[in-house]
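Student: Next come the chains, spelled out residue by residue.
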Amino acid sequence: MQRFGAAVGAVAIAASAFAGEIPRSDRRSGYDFMSRETRAMQDDDAANPGQLWVLEGGTLWNRKAGAAGRACADCHGDARASMKGVAARHPAFDAARGRPVSLEQRVNLCRTDRQQEPPLAWESRELLALAAYVARQSRGMPIEVAIDQRTQPFLDAGRATFHRRQGQLNLACSQCHDDHWGRRLAGNVIPQAHPTGYPIYRLEWQGLGSLQRRLRNCLVGIRAEPYEYGAPELVDLEFYLMWRAAGMTFEAPAVRP
Amino acid sequence: MASALINVPARAKRGEVIEIKTLISHPMETGFRRTQVGALIPRNIIRGFVCTYNGTEVFRAELHPAIAANPFIVFSTVATESGTLVFHWTGDNGFSVTESAAITVE
Chain A
0 MQRFGAAVGA
10 VAIAASAFAG
20 EIPRSDRRSG
30 YDFMSRETRA
40 MQDDDAANPG
50 QLWVLEGGTL
60 WNRKAGAAGR
70 ACADCHGDAR
80 ASMKGVAARH
90 PAFDAARGRP
100 VSLEQRVNLC
110 RTDRQQEPPL
120 AWESRELLAL
130 AAYVARQSRG
140 MPIEVAIDQR
150 TQPFLDAGRA
160 TFHRRQGQLN
170 LACSQCHDDH
180 WGRRLAGNVI
190 PQAHPTGYPI
200 YRLEWQGLGS
210 LQRRLRNCLV
220 GIRAEPYEYG
230 APELVDLEFY
240 LMWRAAGMTF
250 EAPAVRP
Chain B
0 MASALINVPA
10 RAKRGEVIEI
20 KTLISHPMET
30 GFRRTQVGAL
40 IPRNIIRGFV
50 CTYNGTEVFR
60 AELHPAIAAN
70 PFIVFSTVAT
80 ESGTLVFHWT
90 GDNGFSVTES
100 AAITVE
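Residue numbers (numbering that gives the first Met the number 0), protein chains in the order written: chain A, 0 to 256; chain B, 0 to 105.
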């Protein structure tokens with residue numbers, strides 16, 4: 000609870016630095032902008048297609064893999080206990096890499112270091128399944144990334160990216176998601192860009208996708224060259240967005256239009 | 000890798016109308032799309048779905064290319080007796096998945 004209190008304090012201090020940022024009381028998950036039908040789809044585990052990946056992830060969790068012949072479960076045990084809250088605090092600082100790593104990167108680090116297997120490809124079904132399975136264990140928990148001296152520079156870098164105009168349309172993330180949320184872009188409501196439910200099942204994709212896939216979509220939308228999967232810029236942006244959503248309820252696997 | 004999620008009430012009263020929900024993992028590739036170099040992506044869809052209740056067919060559906068990926072099929076039937084509901088999906092490229100669920104009728 001004390002850590003949470005500290006995070007709230009940090010939010011209050013930093014929020015004053017950017018007048019355009021959304022006040023805490025006005026923050027809303029993308030869920031609140033969805034139609035009744037799409038919300039019902041997310042809420043019902045029997046109807047939420049993201050559960051298919053969760054189901055598959057549960058199988059992978061127990062499957063032995065790699066030269067080490069170890070399954071995730073051999074180290075971590077029952078994910079329902081050991082992975083509770085993990086996704087809600089990622090990206091998290093990795094001491095060996097000296098920077099925050101996203102949930103997908105964390106899965107792959109475990110794979111290469113502990114299981115001695117080649118990493119899973121970005122957006123591959125297996126990686127998404129494992130990420131979804133781990134993320135599912137944090138559903139209902141508050142988002143809380145750790146901000147300290149080591150992670151502060153990455154938070155600042157992510158914030159700078161969020162506020163930097165880029166692409167042929169010369170738009171910054173903040174111009175839509177801070178200044179014009181709730182209004183419409185073509186037929187769609189502009190959400191506040193809180194990553195509360197990743198990996199998400201996006202109806203447009205007809206499949207599950209990571210936050211980085213979504214960010215790259217947005218970058219293409221503003222006609223900027225998207226950063227590569229796993230690029231530091233994307234992870235820093237993820238980190239900033241999770242910090243920006245601190246205290247909001249984690250909903251993975253969420254459904255989005 | 001095919002996986003399916005089945006939701007059937009575990010218990011029901013005799014004569015009660017029960018709702019059954021099924022969700023199956025499938026790309027439902029339409030056969031109308033092309034790759035970036037113009038090659039046609041071959042069709043790969045689920046064609047049929049059948050549910051039998053203790054051997055009696057209670058629901059059947061034909062699926063077509065316009066149906067989205069990961070088809071979600073919901074239907075209802077009358078709980079007549081305890082037993083097993085068997086769900087069977089068939090499709091292109093020899094796709095065939097069978098799942099079952101037990102129900103107790105009081």
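Quick caveat, the hints were computed from the structure, so don't treat them as lab data. Treat the hints with care, since some could be wrong.
[Stated by the list, open to error] Beyond 12 Å from chain B on every Cβ pair, some chain A residues (computed):
id, residue
1, Asn47
2, Leu51
3, Trp52
4, Glu55
5, Gly68
6, Ala70
7, Thr111
8, Arg124
9, Ala245
10, Gly246
[To be verified] Below, simulated EDC-like cross-link-like pairs (lysine to aspartate or glutamate); rule was C-alpha separation at most 20 Å, straight line:
id, chain 1, residue 1, chain 2, residue 2
11, B, Lys12, B, Glu80
12, B, Lys20, A, Asp44
13, A, Lys63, A, Asp25
14, B, Lys20, A, Asp42
15, B, Lys20, A, Asp77
16, B, Lys12, B, Glu61
17, B, Lys12, B, Glu98
18, A, Lys63, A, Asp112
19, B, Lys20, A, Asp112
20, A, Lys63, A, Asp77
21, A, Lys83, A, Asp93
22, A, Lys83, A, Glu36
Being a predicted model, the structure only gives us computed values, none of them experimental. Glycine is no exception: its CB is placed at the ideal position from the N, C-alpha and C atoms.
Student: Give a verdict on every hint.
Tutor: So, going through the hints one by one against the coordinates:
1. Residue placement check: Asn47/A does not keep its beta carbon more than 12 Å from all beta carbons of chain B (closest about 8 Å).
2. Separation of Leu51/A from chain B is inadequate, the least Cβ-Cβ distance of about 4 Å not exceeding the 12 Å criterion.
3. With a closest Cβ-Cβ approach of about 8 Å to chain B, Trp52/A is found to fall inside the 12 Å limit, against its non-interface label.
4. With a least beta-carbon separation of about 6 Å from chain B, Glu55/A fails to lie farther than 12 Å from that chain, contradicting its non-interface assignment.
5. No beta-carbon of chain B comes within 12 Å of the beta-carbon of Gly68/A; the shortest separation is about 22 Å.
6. No beta-carbon of chain B comes within 12 Å of the beta-carbon of Ala70/A; the shortest separation is about 17 Å.
7. The claim that Thr111/A is not at the interface with chain B holds, since no C-beta of that chain comes within 12 Å of its own (minimum 23 Å).
8. Chain B draws Arg124/A into its interface by the beta-carbon criterion, the shortest separation being 7 Å against a cut-off of 12 Å.
9. Distance check on Ala245/A: its Cβ is at least 32 Å (rounded) from any Cβ of chain B, clearing the 12 Å threshold; non-interface status holds.
10. No Cβ of chain B approaches the Cβ of Gly246/A within 12 Å, the least distance being about 31 Å, so the stated non-interface status holds.
11. Annotation: proposed proximity of Lys12/B to Glu80/B holds, straight-line Cα distance about 9 Å (limit 20 Å).
12. Distance check on the hinted pair: Lys20/B and Asp44/A sit about 10 Å apart at the alpha-carbon level, within 20 Å; holds.
13. Only pairs whose Cα atoms come within 20 Å are accepted, and Lys63/A paired with Asp25/A is rejected, the gap being roughly 46 Å.
14. A hinted pair counts as satisfied when its Cα atoms are at most 20 Å apart, and Lys20/B with Asp42/A qualifies at roughly 14 Å.
15. Using a Cα cut-off of 20 Å, the hinted pair Lys20/B and Asp77/A is violated, with the two alpha carbons roughly 28 Å apart.
16. Pair hint Lys12/B plus Glu61/B does not hold up; C-alpha atoms about 30 Å apart against a cutoff of 20 Å.
17. With a C-alpha separation of about 23 Å, the suggested pair Lys12/B and Glu98/B falls outside the 20 Å cut-off, and the hint is violated.
18. For the hint pairing Lys63/A with Asp112/A, the CA-to-CA distance comes to about 14 Å; that is within 20 Å, so the pair holds.
19. Taking the CA atoms of Lys20/B and Asp112/A, the gap is about 41 Å. The hint is violated against a cut of 20 Å.
20. A hinted pair counts as satisfied when its Cα atoms are at most 20 Å apart, and Lys63/A with Asp77/A qualifies at roughly 15 Å.
21. Simply put, Lys83/A and Asp93/A have alpha-carbon atoms about 19 Å apart, close enough for the 20 Å limit, and the pair holds.
22. Restraint check for Lys83/A and Glu36/A: not satisfied, since their Cα atoms lie roughly 28 Å apart, outside the 20 Å limit.
Figure legend: structure checked against the earlier numbered hints; hints not met, in rising order: 1, 2, 3, 4, 8, 13, 15, 16, 17, 19, 22.
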